[in-house]
Amino acid sequence: MITIYHFLLLAFVVFVIGFYGAVTSKGSIARIIIAFFVMQAGIAINFMAFAKYHGDIMGEVFYMLILAVGAAKIAVSLAIMLVCFRKHRTDGEEAV
Amino acid sequence: MILSDTIFYFFAVLLIFFAILAVSSKNKISGLLFLVPFICTLSGILIALGFEFVALSLGLIDLSSICVVTVFAIMIEENNSYDSKNIKNLFAFFMFSLFLVFLINVVAAFFGVSNVKEIAVNNDIFSFKELGRHLFYSRYFLFQISGVILFCGASGAIMLVYGIEGKEQEKIKKSKIHKDEDLELVKLAPEKEGAKI
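Protein chains in written order, with my numbering: chain A, 1 to 96; chain B, 1 to 197.
Hints are computed from structural coordinates only; laboratory data are not their basis. Be aware that one or more of the hints could be misleading.
[To be verified] Reference excerpt, derived from the structure (chain B facing chain A, CB under 10 Å, subset only):
hint: 1; residue: Ile20
hint: 2; residue: Leu32
hint: 3; residue: Phe38
hint: 4; residue: Thr41
hint: 5; residue: Gly50
hint: 6; residue: Ser57
hint: 7; residue: Asp62
hint: 8; residue: Phe72
hint: 9; residue: Ser97
hint: 10; residue: Glu130
hint: 11; residue: Ser146
hint: 12; residue: Cys152
hint: 13; residue: Gly163
hint: 14; residue: Val186
hint: 15; residue: Pro190
[To be verified] In silico lysine-lysine, DSS-like type, Cα no more than 30 Å apart, as pairs:
hint: 16; chain 1: B; residue 1: Lys129; chain 2: A; residue 2: Lys73
hint: 17; chain 1: A; residue 1: Lys26; chain 2: B; residue 2: Lys129
hint: 18; chain 1: A; residue 1: Lys26; chain 2: A; residue 2: Lys87
hint: 19; chain 1: A; residue 1: Lys73; chain 2: B; residue 2: Lys26
hint: 20; chain 1: A; residue 1: Lys87; chain 2: B; residue 2: Lys129
hint: 21; chain 1: A; residue 1: Lys87; chain 2: A; residue 2: Lys73
hint: 22; chain 1: A; residue 1: Lys26; chain 2: A; residue 2: Lys73
[What the hints assert, rightly or not] Take a look, some chain B residues computed to stay more than 10 Å from chain A by CB distance:
hint: 23; residue: Ala12
hint: 24; residue: Val69
hint: 25; residue: Phe96
hint: 26; residue: Phe99
hint: 27; residue: Phe102
hint: 28; residue: Lys187
This structure is a prediction, so every number in the text was calculated from the model and none was measured. Every residue, glycine too, gets a C-beta built ideally from N, C-alpha and C.
Just chain A, with the same shape it has in the complex (with noise of 0.2 Å):
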């Protein structure tokens, strides 16, 4: 039988997984970037599970708001990202 345990620990495992892609991505925005995604993914779980078992909508509605915001943090990312390139010819492997 599937319990709200089951999805808290999945997100866990995938948070932590996305957490230490983070820690190792030596300043690799590319990499930071997936590391966040894959973070996300956990945080999404989170809130759906605990909307389900609560049976409260607020965690959709929360978790689109978080969709929102992602695509700004992106946009910024990508942006620096670029500025990276134009200074050090690298995308912040090297330069951070």
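With the hints as your guide, set chain B onto chain A.
Quick look at chain B alone, frame taken from chain A:
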């Protein structure tokens, strides 16, 4: 019940597998491409939970942003280590994983895990209509604030890139030498005949 359990475990294993592949792959572009089946698997889990609208928006927003980041990463990549065979293999894997995940998503949509005892609730509150009602009536300011943050992020990104470009153009302007200001024309004496250079 057994089928829904199996679907959840399968999705969970697949999600962790693609997450590890995305994070640990040596090539950035491969890592970004591994995110595509990862996001599709996540959408599958959300569909199985009964959040179809969030799963669809996640697919639309995240997959499009991943595509943009991948294009930028390919443009920036200096060492062009991709030959045609590599690209074909990568593309074949990409298409296969997409097909697999979408197939499983369809299965999950039919036999979702939402009928499980502890998670089972009234599914009517998660309908599109209810979500829209909450967003536009109950959480209107939050919705507006997220829009403002998105706008600020996009305009900040443009300003960041444009600001650097403007500074570089100023440097180029400064480095230009004007004939009247910095150059002095001097008449040189004619070289002697037969002189070797």
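*Keeping to a limit of 30 Å between CA atoms, is the pair of Lys26/A and Lys129/B held or broken?*
It is violated: about 44 Å lies between the C-alpha atoms, which goes past 30 Å.
*Hinted contact Gly163/B with chain A - closest CB pair below 10 Å*: Hint holds; Gly163/B Cβ to chain A Cβ min 9 Å, cut 10 Å.
_Cut-off 10 Å, beta-carbon criterion: hint that Glu130/B touches chain A_ = Check passed: Cβ of Glu130/B comes within 6 Å of chain A, closer than 10 Å.
*Lys87/A paired with Lys73/A [C-alpha distance capped at 30 Å]*: holds (21 Å)
*Would you check the hint for Lys26/A and Lys87/A, treating anything up to 30 Å between C-alpha atoms as holding?*
Judged against 30 Å, a Cα distance of about 18 Å means the pair holds.
*Mind checking the CB of Cys152/B against every CB in chain A and telling me if the closest is under 10 Å?*
holds (7 Å)
*10 Å cut-off, C-beta based - Phe102/B kept clear of every residue in chain A*: holds (18 Å)
*Hint check: is the beta carbon of Ser146/B less than 10 Å from a beta carbon of chain A?*
holds (4 Å)
*Far enough from chain A: is every CB of that chain over 10 Å from the CB of Phe99/B?*
holds (21 Å)
*Could you check if Pro190/B really has its C-beta closer than 10 Å to a C-beta on chain A?*
violated (47 Å)
*Double-check Phe38/B for me: the hint is only fine if its C-beta lies closer than 10 Å to a C-beta in chain A.*
With Cβ-Cβ at 7 Å, under 10 Å, it holds.
*Interface hint for Ser97/B, Cβ within 10 Å of any Cβ on chain A*: violated (16 Å)
Of the hints listed earlier, those the structure fails to meet are numbers 9, 14, 15, 17, 20, 23, 24, in rising order.
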